[in-house]
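Whenever a hint applies, use it, and build me the whole structure from the sequences.
Protein chains in written order, with the working numbering: chain A, 1 to 487; chain B, 1 to 487.
Bear in mind the hints are in silico, worked out from the structure with no lab data behind them. Take these hints with a grain of salt, some might be off.
When chains are identical, the list treats them as one kind, so a pair holds in a single copy or across two.
Unchecked claim - Computed cross-link-like contacts, SDA-like style, restricted to lysine to any residue with a CA-CA straight-line distance of at most 20 Å: (1) 405 / 230; (2) 79 / 253; (3) 135 / 296; (4) 7 / 258; (5) 206 / 480.
Please read all numbers here as calculations on a predicted model, not as lab measurements.
Protein chains: 2
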Amino acid sequence: MSQNRYKLWMGPGTYCVPPELFALNRSRLAERLNSKEIPKKSVVLLQGGNEIPFNDTDTNYLFRQESYFMWTFGVLEEKCFGALDLDTRKSFLFVPRLPESYAVWMGPLYTLDDFKMKYKIDSVHYTDEIAEVLKNHGASVLLTLKGINSDSGSESKEASFTGIESFQVNNALLFPEIADLRTVKTDLELDVIRYVVEVSSAAHRKVMRMARPGKTEYQCESEFLHYCYSVGGCRYVSYTCICGSGPNAAILHYGHPGAPNDRFIQDGDTLLFDMGANYMGFAADITCSFPANGTFTSMQRLIYEAVLKSNLAVMTNGKPGVLWTDMHLLANKVLLQELKNGGLLTGNVDEMVKAGLAAIFQPHGLGHLLGLDVHDVGGYLDNNPPRPKEPRGAEKLRTARVLQKNMVLTIEPGCYFIDPLLDSALADPKLAQFIIKEEIERFRGFGGIRIEDDVVVTENGIENLTKVPRTIQEIEDWISGKDDGKY
Amino acid sequence: MSQNRYKLWMGPGTYCVPPELFALNRSRLAERLNSKEIPKKSVVLLQGGNEIPFNDTDTNYLFRQESYFMWTFGVLEEKCFGALDLDTRKSFLFVPRLPESYAVWMGPLYTLDDFKMKYKIDSVHYTDEIAEVLKNHGASVLLTLKGINSDSGSESKEASFTGIESFQVNNALLFPEIADLRTVKTDLELDVIRYVVEVSSAAHRKVMRMARPGKTEYQCESEFLHYCYSVGGCRYVSYTCICGSGPNAAILHYGHPGAPNDRFIQDGDTLLFDMGANYMGFAADITCSFPANGTFTSMQRLIYEAVLKSNLAVMTNGKPGVLWTDMHLLANKVLLQELKNGGLLTGNVDEMVKAGLAAIFQPHGLGHLLGLDVHDVGGYLDNNPPRPKEPRGAEKLRTARVLQKNMVLTIEPGCYFIDPLLDSALADPKLAQFIIKEEIERFRGFGGIRIEDDVVVTENGIENLTKVPRTIQEIEDWISGKDDGKY
Chain A
1 MSQNRYKLWM GPGTYCVPPE LFALNRSRLA ERLNSKEIPK KSVVLLQGGN EIPFNDTDTN
61 YLFRQESYFM WTFGVLEEKC FGALDLDTRK SFLFVPRLPE SYAVWMGPLY TLDDFKMKYK
121 IDSVHYTDEI AEVLKNHGAS VLLTLKGINS DSGSESKEAS FTGIESFQVN NALLFPEIAD
181 LRTVKTDLEL DVIRYVVEVS SAAHRKVMRM ARPGKTEYQC ESEFLHYCYS VGGCRYVSYT
241 CICGSGPNAA ILHYGHPGAP NDRFIQDGDT LLFDMGANYM GFAADITCSF PANGTFTSMQ
301 RLIYEAVLKS NLAVMTNGKP GVLWTDMHLL ANKVLLQELK NGGLLTGNVD EMVKAGLAAI
361 FQPHGLGHLL GLDVHDVGGY LDNNPPRPKE PRGAEKLRTA RVLQKNMVLT IEPGCYFIDP
421 LLDSALADPK LAQFIIKEEI ERFRGFGGIR IEDDVVVTEN GIENLTKVPR TIQEIEDWIS
481 GKDDGKY
Chain B
1 MSQNRYKLWM GPGTYCVPPE LFALNRSRLA ERLNSKEIPK KSVVLLQGGN EIPFNDTDTN
61 YLFRQESYFM WTFGVLEEKC FGALDLDTRK SFLFVPRLPE SYAVWMGPLY TLDDFKMKYK
121 IDSVHYTDEI AEVLKNHGAS VLLTLKGINS DSGSESKEAS FTGIESFQVN NALLFPEIAD
181 LRTVKTDLEL DVIRYVVEVS SAAHRKVMRM ARPGKTEYQC ESEFLHYCYS VGGCRYVSYT
241 CICGSGPNAA ILHYGHPGAP NDRFIQDGDT LLFDMGANYM GFAADITCSF PANGTFTSMQ
301 RLIYEAVLKS NLAVMTNGKP GVLWTDMHLL ANKVLLQELK NGGLLTGNVD EMVKAGLAAI
361 FQPHGLGHLL GLDVHDVGGY LDNNPPRPKE PRGAEKLRTA RVLQKNMVLT IEPGCYFIDP
421 LLDSALADPK LAQFIIKEEI ERFRGFGGIR IEDDVVVTEN GIENLTKVPR TIQEIEDWIS
481 GKDDGKY
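Structure representation (structure tokens):
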């Protein structure tokens, strides 16, 4: 048993997540749904996640809680259900009834009161009692979750239990409202996100000082993981670490099992490290790009400055009321203008954008919502702007929404030299007309630069939560051992 | 792209797994099946694993290959199939046909020839060609995998593809033979296992020196993970790390999401750290128990010596032809005798065993087969000794087999002070008669000791692959900074 038994906390030095965070989410959800036409005696019912075994074995992947359930109830254990009465706002948690013998293997079992104390849920029962408890409580309609995740195309897991057939079930009302609420963070949520972004920032700074020619990419990944866990109490990362060196920095999803960060870092390499910790479900997602040997070459300088200007343009212009698609377009234009200034491109930048040239250098969207999922939900709900078709590249955006106060997003423009895309551009007269071929050819094998910050939309602008060296001077100083205490 | 493109290798300093290892497994499988009555023109067909997303999101758990497929084909990528013609012994690999656009996100795509070169498979095709290729090859009967994993109770995933209905399928023949073959390791497999056990041993030694009062349990876990990955190239561990301190050392599956290694280590604590790296699928599984402050108390000394004697008794007596259940019984007897010598028990040891007292102190089995799964397969096949019923505790054994040369197992006796078990024993006159109550009560909250080694059965005995300080003197010396270079 740990001294943290009744806390969402990893001990001194780490952040204690208050259960009030989830109570506030429940209250927002009730308020939102009650403002709509919902059936009388409606109760929201969500099902949490289950542990997943490696294939047919008895060994499990390290459990990740389902995010809608986590957002609403803040419960870390598997195989639970949660319910929220929309009239009384009473909350219910249903936990699996474990045999006494589990205590031998899993430690002292939480009683129902333990769960109640830890998670501050009004009423805690066993999952085999759901039907009875909800019936006795007078629940008539269960609002369950059914909707498509617009990033994965997968459907949410709709709650189901023995006896559900004796209730009316409505699975249409809940999804759009809860997904929309998740896009705007409360101050309590922002505090956790600040924490996980700070831990991730510090870990990136540590990695910047240990990464160098002769190390292997995965040693940098390992350093990041170790810092986040041993210092920040973050047992998970939010996604598989991308640690691309040299040409691998142009592989957007590098680090996957078929390319597991296993290259030796060479002198002259650009490093692109995209890594983010996870704390109690909350995700960070940060990319730092820097020279392996600590000093930018003129080529690295050119591309880095271009991407940084693109990033800063969004940082300066983003605010409530602004369309994210416009920010994407702005970032594209700044990038192309800088590549033109640097002698890689020629012609009119607006025409380049119209022709789709931006997607050759940055085939991904500007950034995405961030929260309990690294690609957080609510990007394309029914009443939001639809996925754009123009300019080319914008269709990859994970949201096209109007920015609102307290949305948390990544700003992550990039510039990569990806052979098949360069080949296709050079073979397409509409694009090739803008490209100074011999200059572009010099950058084959260069890899790429991405500068990814985690930000929150404020009343009037954007606050950057990320605390890493960003200008060329800052990066070179940091790697050379200066500026301790600055971040 | 990495310089390891054509190798099962994480770069200099790590172990390069030869594809011949899997070719030899295929050859053993063909030989075994051909020695049975199998239909003519039979082809073994196995399906590899798929990546698993976190719930409905587009973010995946770090992929683990399915172990039967790995054993036979040695292929690390997801969504593959493999086939082995039992007449000609020709091997086939089927890989997913990825769109060209994947190259932008995943890096240069492997061609069929790349796969052929990397994995040394005779013939490589796309998965949409399985039916056609096998048909053209003259396959008549497909031998697919269907069987129950005796540790999880789950069924293996039987291969299935579009067009399988035009073949005769036999799912009865393959499972018992391949599962049985997996229990006996080849020298090529032993070399990988030696490597991953060495890396894990070195990581344990590192942790022994950094763990101390004031650290948190998970910081020890993090140190272990970091060493295994950054030094040994092991991106995975074989199971969730168990880092129990003080009373948590008595929780057999401590470290799970509900008890995530989050306790502060106290002066006087016993630490029980059960952690094992994984390299290219091959598992290590080692437990070290030691005092947090580096010096054994008399109580720790008593229990540690008892468990170590139990471990060494098996190490000395294990050899081909011996029943694993007899080794379990031997370990139990030595442990109870030592507890009796130490003044915790009284009476006749054989009678204690008969009454089931051993399972009060060691409620788990002596150890298990180890290989591509940490609880490796083949423990209870149809022609093996069945799961025992007596003495109490032995029913937890993951195998009751006769030891054979080149079986790899863990030897992991333990002694724990688990309140509900002590309570039940004290309340049961058949058990209570052996217990010196006031002595046992002193050990409440002590936690426990487990000493777990990874061993291989040799011609005449047992070889211990684990390289960690094991005697009390060795442990105290190591923690105090002596004996560098000894292991």
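Evaluated hints:
1. Taking identical chains as interchangeable, the C-alpha atoms of residue 405 and residue 230 are never at most 20 Å apart, the minima being 33 Å within one chain and 41 Å between chains.
2. Taking the shortest Cα distances, residue 79 and residue 253 sit within 20 Å of each other only across copies (18 Å), while inside one copy they are farther apart (32 Å).
3. In this homomeric assembly, residue 135 and residue 296 never come within 20 Å of each other (Cα to Cα): the closest approach is 67 Å inside a single copy and 57 Å across copies.
4. For a Cα distance limit of 20 Å, the shortest separation of residue 7 from residue 258 across copies, 11 Å, qualifies, whereas the shortest one inside one copy, 39 Å, does not.
5. In this assembly of identical chains, the alpha carbons of residue 206 and residue 480 lie at most 20 Å apart only when taken from the same copy (12 Å versus 29 Å across copies).
Of the numbered hints stated above, those contradicted by the structure are hints 1 and 3, listed in ascending order.
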